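Here the protein sequences line up with chains A and P, keeping their order. Counting from 1, one number per residue, gives the positions in the first sequence under the working numbering. Counting from 1, one number per residue, gives the positions in the second sequence under the working numbering.
To be clear, the hints were calculated from the coordinates, so they are not data collected in a lab. Please read all numbers here as calculations on a predicted model, not as lab measurements. A portion of the hints provided could be inaccurate.
[What the hints assert, rightly or not] Chain A is faced by these chain P residues, among others (derived, beta-carbon under 10 angstroms):
1. I119
2. T261
3. G265
4. G305
5. Q312
6. K313
7. Y365
8. A658
9. Q837
From the three backbone atoms N, C-alpha and C, an ideal C-beta is built for every residue, glycine too.
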Amino acid sequence: MKYQVTHITRYEYQLPASLCHNLVYQVPVNHSFQEVEKVHYQIHPVPHFLATREDFFHNKFIYFSIEESHQKLTVEIKSEVKVAQPVWTNTVAKDTTPWENVASWLRSTSADSDIRQYYLESDHVTFIPGIREYALESFTPGRPIMEAMLHLNARIFNDFDFTPGFTDVTTKLEDVFLHRKGVCQDFAHFSLACLRAIGLAARYVSGYIETLPPPGKPKLFGSDASHAWIALYIPTVGWTEFDATNNLLVNDRHIRTAIGRDFADVVPLKGVVYSGAGQRMYVNVDVRRVE
Amino acid sequence: MIETYLRRSGSTAKPFFDELAAPEGVVREHWKKLAHAYEELGLDKMELRSREISQELRDNGVTYNVYSDPDGINRPWKLDPVPMVFSQLEWESIERGLAQRAELLNLILTDIYGERRLIKEGFIPFDLIFTHKGFLRQADKLIMPGKFQLIQYSADLVRGPNGKMWVLHDRTDAPSGAGYTLENRAAMTRVFPDLIRENQVRKISSYYQTLKNTLTKLSIQNKENPRVVLLSPGTANETYFEHAYLASSLGFTLVFGQDLTVSDGYVWLKTLKGLEKVDVIVRRVDDIFCDPLEFLGDSHLGVVGLMEAVRQKKVTVINPLGARILENPGLMAFLPRLCRHLLNQELILPSVATWWCGHEKEKKYVLDNLPFLIIRSIYRSNENLPYIGSEMSKKQIEELRKEIITRPYLYVAQEVVSFSTTPSLIDNSLQACNAIFRSYIVADTEKEAYNVMPGGLSRSFPTKGEFIISNQTGGISKDTWVLGPSPEDQPKRAVNQPILRQVKNILPSRTGESLFWLGRYLDRAVSNVRMMRIVLKIYNERDDEIHPETNETLVILLKSLSTLTSTLPGFTAPDQAKLRQPEKELLSLAVETGRAGTLAQSLQSFLTNGYAVRDRLSLDTWRILDSISEEFEAMKQNGNDLRKIYHNLDQFIIKLMAFIGLNNDNMTRASSWRLLNIGRFLESALNTCNILQAALGNNVKPDVEKQLMELVLMCNESLVTYRYLYRSTLQLPGVLNLLLVNEDNPKSVAFLIAKIDEHLAHLPDNYDGGGLSPAHKKLLEALTMIRLCDINKMVPANLTDDFSKKELNRFLHHLIEVLGQAASIIFESYFSPTQSQYSFVKSNNALPEL
């Protein structure tokens, strides 16, 4: 499947900003099941300085600064990405290893710290009370890891309401758990916390998903949004991706931009601006199948 | 006195080691000379010397701040007259041990941010590093050229009951105290010159020399003439004193985060002349506060984009960001093995026994022995205070046990060690106190080895067995004496004396701004004090009650005071209530700090700005600033007694004048001095105009007017000049002429404006529009107004009853307006107001929604 992705972020300030420095994590990356064919970005006002860097988790990010007075900032990233059907779509869930074996292998010193780092707590993924118990309802003794994960994915999908605006970056995982409401990254963080609390390695994936218009209607530009899901480490399969928001085993309709421990590692657009009080952000995302 | 000390320490329970007293009840060999000298001095003289030391430190303005205490700003630094002493023999092994530990930590640091082989090969557990907040992933693979990643290092050492020195903490992020150490030594040298000579106390200056050399050499881009700055979190930081002190001793520029900006990957210092490149930053700001873009988004202490500048190798940050990982106490458990592996040596200095709970066996031991251990988080912070097992309730222990089981890798347990005791002078006797010693080590890039300061900062604590020690919780500092001759290879004088090069004088804009305001508040305080003194004098001489109708002079003066201090309406309120009972309002004008315009507020602002530029002021100036601060505290104590306050005012005048005099005498005629004076003269000119208008702009009876003229002249220190010049009774045209027009009178407004213009001409010119700059134009407008005005037309020599002073008032009003505009233009052309900083991520809708 080939997609054209357009991600436009616009900031408007009530007062002109004199200077801003930014980090952008919105450029799709090459991945086992994903090939980036073209990337084009346009930033307005034109940055005084711009550089592309690679981070600790091997993501690409853009650093740029604008040093003239401006009241609007637009970052537009256009890319063409070929996505293949991931290998795990052929995996038979009930044939995978019991989850406890994976957990104890991870504890052993023979596991690579590149994988093991993802069973530790992180800023947004903490071992809140009750989380382990919630996870164990799906991860029953001896259950094949993928089967248990699909069960957990479905439970989160059913137990939690998708409610935009209820949470923001400062919302604690406890509150998501208590009110059972949130958006994609809350569900991703919650899934991660479940998995790590029982000793499994899981990481945060940010990217996009293709959405389809209502039957018989044309697809409107910018009707998509950025998305987040998780990847669980399953030996012999590798990092296997699950989308709790849509109760899906990730297929060829997901496009990846960055991978980290949680949202904090891969914030799509981070910035510090001087003056420029009263900011408002507008985001337009368009994911279009081209082939 | 030594006998008493020996007897007392002999009677203490055995597991203690005393620095001075050997177990047999005799003085240890390396203490003998010192003990003898103390015996000869006697307790009374020791106490006297102790007071001299306090005086010395106070005179030098040595202070520290305590965050948790509202009165904790500028606490005087305390120094025990009895030092911590190391014999030559023992020091040799400590020195080797510290240098070895620095080598070892340097290799570990290089590996952690490089290949991480130590983790792959199992020498360091991965979760000990990956769960520590000091492991900065943003700093991964950013290795500085050359052998050293760890430039500055400090270890806190204590002596255990067996007489061996143990390492209690490693400090690698931004170790503090080297400035205090230098001040301690200076004070001790002043008070005990003989003891220092007779005991052959090693000098500590080579450490600072090496520090300076190394920092200068670490510049990557500019090898010829690098600019090194010391980045301080600001005046409220607990050790701000030493930031300013070290910066000026080492010849570096003291800066705050807001003074720096990143552009094109370079770090720039905002100076009065524009932007200047920065090559090396010695930071006293904690790691994650250094760049709000990549770390804590709401930090205002750092520099946005600093990490990117480091990535581009355009600036060197010391210690490098990420070095804090080495402060992880969990590492201590692995050091002996790492030392054998990396250096092929046995670890010379043992660490205090440490169990990292991330390993099953150790965790079990710790959980079984919780009440007998000290439990620390691997990440030191103000929120993560150590748990002392023996002082915890059963319930607390259970909670801690649960937490350790949930996150074992975040905790270490350490053995409770009893520190050695050392004599300290407390309450006029020598008492045995626990001591802890902080060492200072710096990389010597020329010798490719670590340089250990032969000395350091020791602290002693009255309570025995107290385990948690920091300046935040009290304690007395001690100088540390290493005895014996300097090693052979250290010549008495450095052979390669660096050629004395005059460092280009740079003034950060923020410092310039503080100097400008220092000047303004200085003169505002002076004129407030003078006016208030005159008002109080008249007020105290009054008959019992004030009748606005009959006490016309006093009424006008009170109203003028409200105008001058911009505390309107105050005495000018139509209901006249305050005029009839002025005492309360007068007291408020003197001592109320929270009210804009009061004397207390002017003095407070004067002191705050003075404190912010203390690295620019001479020592003597600093002492005066301190004594003004003391007088200020005294006045606040007299908050309800106008007669006592009158006496404070007298003292203020003398001290403020001394401040002005000293600065004229010993500040170089650089931009800093000029900005101070521009501030002063602007304020002074404005105040003179305001007083003239408020006090002499009314139509009053001739005898009242005469009295007022005399008081205004007194207020301006010009009464004698008037009498000398005019030799006649006071007449308004003469007074106005003297105070406004006469350019020979250094108090006249015209003279002040001409001076401001002159100073301005010497400042770097930021104006490129051709012709006179807007500031010069405004000043010229004000000066021309005065030069062209016709005083005799405004106020004829013989005023008739129906003569209105409308013309005079209009003139003064206009002049004040023009001067005010000049002040804003000057301010805007040199200083950019601090801009507020916003972080995207903090805003609520930064989350993508799906």
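Each hint tested on the structure:
With 10 angstroms as the threshold, the beta carbon of I119 (chain P) comes within range of chain A, its nearest partner Cβ sitting at about 6 angstroms, so the hint holds. The closest approach between the C-beta of T261 (chain P) and any C-beta of chain A is roughly 7 angstroms, which is under the 10 angstroms cut-off, so the hint is satisfied. Checking G265 (chain P) against chain A: minimum C-beta separation of about 7 angstroms stays under 10 angstroms; hint holds. A distance limit of 10 angstroms between C-beta atoms decides the matter here; for G305 (chain P) the minimum to chain A is near 5 angstroms, and the interface restraint holds.
The criterion of a C-beta within 10 angstroms of any C-beta in chain A is met by Q312 (chain P), whose closest approach is roughly 8 angstroms, and the hint holds. Annotation: interface hint on K313 (chain P) violated; nearest CB of chain A at approximately 13 angstroms, more than 10 angstroms. A least Cβ separation of about 19 angstroms between Y365 (chain P) and chain A goes past the 10 angstroms threshold, and the interface hint is therefore violated. At about 41 angstroms, the closest approach between the beta carbon of A658 (chain P) and any beta carbon in chain A exceeds 10 angstroms, and the interface hint on this residue is violated.
Using the Cβ-Cβ criterion of 10 angstroms, the hint placing Q837 (chain P) at the interface with chain A is satisfied: the shortest such distance is roughly 6 angstroms.
Hints 6, 7, 8 from the earlier list are contradicted by this structure; the remaining hints agree with it.
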